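**Student:** Fit the two chains together into the complex; they arrive one by one in their own frames, and the hints show the way.
Residue strings, one per chain:
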Amino acid sequence: QKEVEQNSGPLSVPEGAIASLNCTYSDRVSQSFFWYRQYSGKSPELIMSIYSNGDKEDGRFTAQLNKASQYVSLLIRDSQPSDSATYLCAVKGGGYQKVTFGIGTKLQVIP
Amino acid sequence: GAVVSQHPSRVICKSGTSVKIECRSLDFQATTMFWYRQFPKKSLMLMATSNEGSKATYEQGVEKDKFLINHASLTLSTLTVTSAHPEDSSFYICSASGQNDQPQHFGDGTRLSIL
Chain D
28 QKEVEQNSGP LSVPEGAIAS LNCTYSDRVS QSFFWYRQYS GKSPELIMSI YSNGDKEDGR
88 FTAQLNKASQ YVSLLIRDSQ PSDSATYLCA VKGGGYQKVT FGIGTKLQVI P
Chain U
18 GAVVSQHPSR VICKSGTSVK IECRSLDFQA TTMFWYRQFP KKSLMLMATS NEGSKATYEQ
78 GVEKDKFLIN HASLTLSTLT VTSAHPEDSS FYICSASGQN DQPQHFGDGT RLSIL
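So the protein sequences, as listed, match chains D and U. Heads up: take any position in the first sequence, counting from 1, add 27, and you land on this note's numbering. Heads up: take any position in the second sequence, counting from 1, add 17, and you land on this note's numbering.
One chain only, chain U, in its complex shape (with noise of 0.2 Å):
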């Protein structure tokens, strides 16, 4: 089956960092990738959804100067979470999906915790 890949898988750091969480699609081209949060015993949110080699669109309530969107080819997108604060500790998924009615797929998800 189709394979994302999801790193890293945890992230401890100080208030004030910034982190970049990458996602790739292993085997098959993703045409949007998209990024999700979700608090414990919640369910997934949505943050926003990219398409190669355009601007992200970002789901109302999220800030885009805050949660940086890039993807740069057909099989990568990168999160990166700005000055993160101990508010943004959270499990952070990728998902990939190409053309279609093909189906997301899900990359194992970053455990993300500021100090």
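Excised from the complex, chain D in its bound form (with noise of 0.2 Å):
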């Protein structure tokens, strides 16, 4: 049984700190991870995809990846409210696997 772990929160920032999500994985042959992020109502939006170790950044949010530890992080920088939703962490074997999503983190900002 593939598991991807999330602690469901919810997680509280002030506006302008930043929100760190961790996420951890049990399939240790995982090729691909992937952040989503899902506003109340919506269905999830693709944010960051990565898949090799180290940080990879694309404006204020980072992923990290340590595939050792089979551990995958997101890090928000200066958060806003607009930031507030839920977010997936989503870990994806080789070739034609599923993907297999995390329960989601929900994250406030509070302004």
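Check the hints yourself; a few may be wrong.
What the hints assert, rightly or not - DSS-like mimics (lysine-lysine), calculated; alpha carbons at most 30 Å apart, straight line:
#1 U:K37 - U:K83
#2 D:K29 - U:K31
#3 D:K133 - U:K59
#4 U:K59 - U:K83
#5 U:K81 - U:K37
#6 U:K59 - D:K29
These aren't lab readings, by the way, just hints derived from the structure by calculation. On a predicted model such as this, the values are computed, not experimentally measured, just so you know.
**Tutor:** Put into structure tokens, the structure is as follows:
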């Protein structure tokens, strides 16, 4: 059973702070890692993909991957109230394997 | 970025009606499409996975005869909720992905309400 674990939260951070969202996964052969953002009542939206160890930055977002520790994280710098949403971690194995989603971490950015 | 179109966005109908939901990948060929349902404040629940031209693979507990999935082309998959009842009311979301390490891209979802 492939598992992707996230703390459901809520994680509350003040506006302008760094939000740190964490995710661990059980399948060592996982190759592709994604972060999605889901606003209440909406469908998930892809915000980051990461495939190799290290950091990947895109604007205020930084994804970090450590395959040895089976750990992936998302940092959101200068958090804004509009970042308040549920963030889903998703992990995919090789080939045509399906993506496994975590339950999501609810982030609340307090003005 | 990749675009997945899903419609209708909202359906309200009487119990016993069958409802068809369409999911289209607009700018890429979707090797695989996925159907999820989500209850309020709950996580995504995968219902089935479909590959173009082959039968869908349903998750445990999902009734194949209740939720008919057709993936006729690399850009279109449909979910038909047959003889819908109030307990089928939910938010249904499709997603599509290309080959190998490509992510899933989600449609906007369909909110189904059965009266």
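**Student:** Now tell me if each hint is right for this structure.
**Tutor:** Do the hints match the structure? See the list:
Note on U:K37 and U:K83: the hinted pairing holds, with a Cα-Cα distance of about 12 Å set against a maximum of 30 Å. Between D:K29 and U:K31 the alpha-carbon distance is near 39 Å, which puts this suggested pair outside the 30 Å criterion. Straight-line distance between C-alpha atoms of D:K133 and U:K59 comes to about 11 Å, which keeps the hinted pair within the 30 Å bound. With a C-alpha separation of about 22 Å, the suggested pair U:K59 and U:K83 falls inside the 30 Å cut-off, and the hint holds.
A C-alpha spacing of about 15 Å is found between U:K81 and U:K37, which places the hinted pair at or below 30 Å, so the restraint holds. A distance of roughly 20 Å separates the Cα atoms of U:K59 and D:K29; the hinted pair therefore holds under the 30 Å criterion.
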